[in-house]
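A.B. asks: Please build the complete structure, drawing on both the sequences and the hints.
Per full-length UniProt numbering, the sequence shown starts with residue 1, numbered consecutively.
Do not rely on the hints blindly, as some may be mistaken.
As the list claims (entries may be wrong) - Distance ranges between label pairs, derived from CB positions:
hint	residue 1	residue 2	range
1	147	193	19 to 25 Å
2	149	14	25 to 31 Å
3	27	168	46 to 52 Å
4	118	191	41 to 47 Å
5	90	14	30 to 36 Å
6	2	60	26 to 32 Å
7	54	208	26 to 32 Å
These are calculated hints, taken from the structure and not from any lab test.
No residue lacks a Cβ here, since even glycine has one placed at the ideal position from N, Cα and C.
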Amino acid sequence: MLGTLYGIGVGPGDPELLTLKAVKTLKNVHHVFAASSSKNNYSLALDIVREHLPGGVPVSILDFPMTFDQDHLEEAWQANCETVVQVLESGRNAAFLTLGDPLTFSTFIYLSRKIRRRLPAVAVETIPGITAFQAAAACSALPLAEGEETITVISGAKGGERLKDVIGFSDNVVLMKTYKQFPQILSAVEELGLQDHCCFVSRCGLDGQMVEKEFDKLTRLKPHYLSLMIVKKRGLDA
Numbered sequence: 001m002l003g004t005l006y007g008i009g010v011g012p013g014d015p016e017l018l019t020l021k022a023v024k025t026l027k028n029v030h031h032v033f034a035a036s037s038s039k040n041n042y043s044l045a046l047d048i049v050r051e052h053l054p055g056g057v058p059v060s061i062l063d064f065p066m067t068f069d070q071d072h073l074e075e076a077w078q079a080n081c082e083t084v085v086q087v088l089e090s091g092r093n094a095a096f097l098t099l100g101d102p103l104t105f106s107t108f109i110y111l112s113r114k115i116r117r118r119l120p121a122v123a124v125e126t127i128p129g130i131t132a133f134q135a136a137a138a139c140s141a142l143p144l145a146e147g148e149e150t151i152t153v154i155s156g157a158k159g160g161e162r163l164k165d166v167i168g169f170s171d172n173v174v175l176m177k178t179y180k181q182f183p184q185i186l187s188a189v190e191e192l193g194l195q196d197h198c199c200f201v202s203r204c205g206l207d208g209q210m211v212e213k214e215f216d217k218l219t220r221l222k223p224h225y226l227s228l229m230i231v232k233k234r235g236l237d238a
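C.D. replies: Structure representation (structure tokens):
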């Protein structure tokens, strides 16, 4: 009999935003997995839930490279898949922790897809989590959408071109993963004339939280990995 794989969203960083269902599930799994960059072995997701883990439950950190190299990514996905499969094949339940929500820009999407192909009969359950953009909207007091407004959530990992693509038909845009191509994203915002329409949020709910709405100050920033931007076409005060 195969174990069950649980994808658990632990929220954006503030431990108090962990759901009751996530805590309950963590108390009933036999092995916990968390992701880290291949450059280190630190997991913020693991830190968020650590006090809720029963004593003696094994915890493993899975390395995921921060790259667009498809061959390198495929090798890492497959290796991590096999590590989790070993636990599931032994009949033990496994949890994979992910910041935010497991099905929103998450490594769990790719990992669970690999595992399902490897073990078609495996049961996979997803425990949703509060996303970073929901928490960012709350801490900056900015509505994400109201009335008949539309909202589009995009990745900024490759710069600001996607913003140019969607701003024509979306009232509000969230750019996730803004840290790496931040200058290019700011250039796109400026090109679109939206300097007074954007809010930058970094380390939401954590020490060092930053909410910045003045565009001139953004040009001097080097963003933290946990950073995003909200763009409101009607303006931040609309």
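A.B. asks: Which numbered hints are broken by the structure, listed smallest first?
C.D. replies: 6
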